[in-house]
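A.B. asks: Take the two lone chains and join them into the complex the hints point to.
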Amino acid sequence: MQANEDQLRSWMVRGLGGDAAAHAQLLRALLPLLRGFYRRRMTGQEDVIEDLVQETLIAVHEKRMTYDPVRPLSAWLHAIARYKMVDSFRRGGRTCGFDEMEGAIFADDRADENDARTDIDRLLATIPEKQARVIRSTRIEGLSTAEAAIRHSIGESDVKVSVHRGLKALATRVKDSMK
Amino acid sequence: MNTDELIKALAQDLKPVRRHALGRRMCLGLVLGSLASLFLIGRMLGFRPDLWIAMQGATFWMKWTYTISLAACATAATAKLARPDSGSLAWLWILAIPVAGLGIISINELAHTPPGDWLKMWLGASWRVCSSLVFLLSVPIFAGLLWAFRRMAPTRLRAAGATAGLTAGAWSATLYCLHCPEVSAIFVLTWYSLGIAFAAMLGALLGPRLLRW
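From first to last, the protein sequence lines are chains A and B.
In this note's numbering, each number is its position in the first sequence, counted from 1, plus 12.
In this note's numbering, each number is its position in the second sequence, counted from 1, plus 430.
No lab work stands behind these hints, which were simulated from the structure alone.
We put the CB at the ideal spot given by N, CA and C, even for glycine.
Be aware that one or more of the hints could be misleading.
List of simulated lysine to any residue pairs, SDA-like, C-alpha gap at most 20 Å [said to hold, decoys possible]:
1. A:Lys142 <-> A:Ala91
2. B:Lys550 <-> B:Gly533
3. B:Lys438 <-> A:Val25
4. B:Lys445 <-> A:Met77
Here chain A is said to cover these stretches of chain B; the calculated rule only asks that three of the stretch's residues, wherever they fall, bring their Cβ under 8 Å from a Cβ of chain A [unchecked claim]:
5. 435-447
6. 503-514
7. 559-573
8. 582-589
So the derived label-pair ranges between C-beta atoms look like this [what the hints assert, rightly or not]:
9. A:Gln57 <-> B:Gly531: 51 to 59 Å
10. A:Pro84 <-> B:His450: 14 to 22 Å
11. B:Ala520 <-> A:Arg103: 25 to 33 Å
12. A:Gly30 <-> B:Asn538: 53 to 61 Å
13. A:Arg51 <-> B:Gly533: 53 to 61 Å
14. B:Cys457 <-> A:Gly30: 42 to 50 Å
15. A:Arg51 <-> B:Leu522: 30 to 38 Å
16. B:Ala520 <-> A:Arg51: 19 to 27 Å
17. A:Met54 <-> B:Leu519: 25 to 33 Å
18. B:Gly487 <-> A:Arg103: 40 to 48 Å
19. A:Glu17 <-> B:Leu522: 25 to 33 Å
20. A:Asp63 <-> B:Pro638: 33 to 41 Å
21. A:Pro140 <-> B:Pro638: 55 to 63 Å
22. B:Ala488 <-> A:Gly30: 45 to 53 Å
Okay, chain B solo, but in the shape it has when bound (with noise of 0.2 Å):
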C-alpha cells in the first residue's frame, strides 16, 4: 500500500480519544477480571460467613492494607509500563515498606506468642491452598488486563508482563480476603505473597510472547 494512501486511511474517521482513556481502560480491564474472580469464589469457596464482624476488626484491615497497597503500587507501573517511554522504575522499591511493615508485624506476633505455636501460625489451616488460589483467582483479573494492553503500546515487554502478573496477583490476593479467614500476619506474609509472587512470574514469562504488538 502507497504510504500516502495509508495516511488518508488512516485519518479517516478519527475518533477523538477521551482524556485519561489509558488509565479508563486499565481501570475497565481490571473491574471486569475483578468481578470474574469474585464471581469464582462466591460460587466456590464462599464468602467468610463473618465477613461483616471480621471487617470490624484490625487484622482485616492488616491485610488488606498489605495486598491493596502492592495493588495500588503495581498498578501504577503497569499504567506506566502501558506506554512506550515508560520512565523509570526504580521507585518501585516502595514495595518493600509493607513487606516489611509486615514483617514486623509478624515479628512482634511471634514474639508474643509461645514458641510452640509458632508452627501452627504460620501454617494455619489452609497454608497447603492459599498460595494456588491466589494465583488462580489472578488469572481473570491477568486476562482483564491483557484485554486492556491490547491498546497500548509497552516496549518493555517482560517487565510489563511482571507488573501486569503483581498487579492481578495483588487484586486477587485482596479479593481472597473476602473469603479467607486466617488471622495471622506470618501466615499473610508468606502464603499471600507467594501466590502473589507465582502470579507476577507467569506474568513476566508469558509478558515477551502475549504483549506483543
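Same shape as in the complex, but just chain A (with noise of 0.2 Å):
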C-alpha cells in the first residue's frame, strides 16, 4: 500500500472534511491495494477475499475518526486491514494472536500440500512405471504432450496412449478405495 501515498492521504483528508466525491475517490483505490493484500496472504478463497475487503472498506469509512493526519495512511490501513484479516480467522472458529495465527496459517498450508504430495506419489506406484513418468510429467509438471514426448523419448501418441490409461487405471484405485 506504498503507491500513491500523497494522493491517497489527499482524498482521506478531503473525505475527513466532508467531500464525498473524494472519499468515493479512496475506497475505490482502495479497492485494487486491499484485494492484493488479501491475496497475498490468503490465495484460493475468492468470495471470502471479496467479503474481507467490503467489510474493510466499511471499517475504513466507518472508523475514519480514528485517522490522525498527520500520520502515514498506509500504516492506518494496513493495521485495518490486519485486524480485520484476523477477525476472520477468529470468526472461524480459531482462537489465537495474530503471529501464532500466522504460524499456524503456513504450517497447514504445508502440510495439506505434503498430504497431497504422498496421496499422489501412492497411488502413482500402483500403476506402470511408464504411465505414472507420462501423467507426472503432463499432469503435475504442466509439459505438453510434445514436450514429454521428447523427455522420455517416446513417440507423442505413446505418451497420450499412457497418460490415457494410468488416469484410467487411477480412477478405478481411487473409486475401488473408496467402496
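C.D. replies: So this is what it looks like as C-alpha cells:
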C-alpha cells in the first residue's frame, strides 16, 4: 500500500472534511490495494477475500475518525486490514493471537500440500512406471504432450495412450479405495 | 452486495469529521461516566464535610497528584490504543514515577511514625471498603469509555481494555478522594492502587470481548 500514499492521503483528508467525491475516490482506489493485500496472504478463497475487502472498506469508512492526518495513511490502512483478516480467522472458530495465527496458517498449508503429494506418490506407485512418468510430466509438471514425448524419448501417441490408460487405472484405484 | 454499490452507499451523505474528533469523543465518554460516578458518590457515600478545608492542605493534593497523574497517563495510552496503528507503549513506564513517588512519601511517613501506629496508619478506618468502592465507581467511567470506543478501531484489544480499565480506575479514585478522608500515603498507595488495579484487570479481561469491531 505504499503506492500513491500522498494521493490517497489527500483524498482521505478531503473525505474527512466532508468531500463525498474524494471519499468515494479513496474507497475505489483502495479496492485493488486491499484485494492484493488479502490475496497475498490467503490464496484461493476469492469469495472470502471479497467479503473481507468489503468489510475493510466499511471499517475504513466507519472508523475514519481514528485516522490522524499527521500520520501515514498506509500504516493506518495496514493495521485495519490486518485486524479484519485476523478477526475473520477468529470468527472461523480459532482463538489465538496474530503471530501464532500466521504460523498456524502456513503450517496448515504446508501440511495439506505434503499430504496431497504423498497421496499422489502412493497412487502413482500402483500403476506401471511408464504411465506414472508421463502422468507426472503432463498432469503435474504441466508439460505438453510433445515435450513429454521428447523427455521420455517415446512417441507422442505413446504419451497420449499411456496417460489415458494410466488415468483410467488411477480412477479405478481411487473408486475401489472409496468403496 | 456489489462492491461498487457499497462504495456508493458509503460515500452518500458523508458527514465531515471534526478535528480531534477522537479526543472529543473520549473526553465526552469520560465526563459522562464521571458524572454518573460523582452522582453515586453524592447519593450513596456523601462528600467529605471538610472537603473545602482539606483542599487547602497538602495531603489532599498528594492524593490527587497521585491519582490524576495515573489517570492522565492511562487516558493518553487509551487514546493511543483507540487507533489501529497504536504504536509503542513503552513510555507507559512513566507510570512508575507517581507510584515510586508515593512510595517514597510513604516510607518517609512511616519513618516519622512510631512502629506501633504503623498498622493503624496502613489500614486507616476504611481499608475494607476503599478498594471495592474505587473499583465500583470505576464501572460507570468504564462504560463511558466503552461507548466512546464504539467508534474507535483498537487492534490490540486486551491492551486497550486494560488501559481503559486503568483510566476508569484512576479517575474513579480521583473522584473517590472527594469522599474519602484518609490521610496516609501508605493507605492510598495500597488500597487506592488495589482498586485501580482491579479495574485495569477487569478491563484486560473484557477488552477482547467488548472492544471487537
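A.B. asks: It remains to establish, for every hint, whether it holds in the given structure.
C.D. replies: A quick look at each hint next to the structure:
1. Under the criterion of a C-alpha separation no larger than 20 Å, the hint pairing A:Lys142 with A:Ala91 is inconsistent with the structure, at around 53 Å.
2. Between B:Lys550 and B:Gly533 the alpha-carbon distance is near 17 Å, which keeps this suggested pair within the 20 Å criterion.
3. Restraint check: the Cα-Cα separation between B:Lys438 and A:Val25 comes to about 18 Å, which is no more than 20 Å; the hinted pair holds.
4. Using a Cα cut-off of 20 Å, the hinted pair B:Lys445 and A:Met77 holds, with the two alpha carbons roughly 11 Å apart.
5. Residue count for the region 435-447 of chain B with a Cβ under 8 Å from a Cβ of chain A: 11. That meets the three needed, and the coverage hint holds.
6. Only when three residues or more bring their CB closer than 8 Å to a CB of chain A does the claim for the region 503-514 of chain B stand; here the count is 3, and the claim holds.
7. Look at the region 559-573 of chain B against chain A: 0 of its residues bring a Cβ nearer than 8 Å to a Cβ of that chain, fewer than three, so the hint is violated.
8. Look at the region 582-589 of chain B against chain A: 3 of its residues bring a Cβ nearer than 8 Å to a Cβ of that chain, three or more, so the hint holds.
9. A hinted range of 51 to 59 Å holds for the C-beta pair A:Gln57 and B:Gly531, which are about 54 Å apart.
10. The hint said 14 to 22 Å for the Cβ distance between A:Pro84 and B:His450, and at roughly 19 Å that hint holds.
11. Separated by about 32 Å at the C-beta atoms, B:Ala520 and A:Arg103 satisfy the suggested range of 25 to 33 Å.
12. Between A:Gly30 and B:Asn538 the beta carbons are some 57 Å apart, a value that agrees with the proposed interval 53 to 61 Å.
13. At about 54 Å, the CB distance of A:Arg51 to B:Gly533 agrees with the hint of 53 to 61 Å.
14. Here the CB-CB span from B:Cys457 to A:Gly30 is close to 22 Å, at odds with the stated 42 to 50 Å.
15. Separation of A:Arg51 from B:Leu522 is about 37 Å and conforms to the stated range, judged on CB atoms against 30 to 38 Å.
16. Under the hint 19 to 27 Å, the C-beta atoms of B:Ala520 and A:Arg51, about 34 Å apart, miss the expected range.
17. For the pair A:Met54 and B:Leu519, the beta carbons lie near 29 Å from each other, so the given range of 25 to 33 Å is met.
18. Against the hinted window of 40 to 48 Å, the Cβ-Cβ separation of B:Gly487 and A:Arg103 comes to about 55 Å, which falls outside the hint.
19. A hinted range of 25 to 33 Å holds for the C-beta pair A:Glu17 and B:Leu522, which are about 30 Å apart.
20. For the pair A:Asp63 and B:Pro638, the beta carbons lie near 22 Å from each other, so the given range of 33 to 41 Å is not met.
21. A beta carbon spacing of about 58 Å between A:Pro140 and B:Pro638 agrees with the range 55 to 63 Å that was offered as a hint.
22. The supplied range of 45 to 53 Å is met by B:Ala488 and A:Gly30, whose beta-carbon atoms lie about 51 Å from each other.
Hint violations for this structure: numbers 1, 7, 14, 16, 18 and 20, all remaining hints satisfied.
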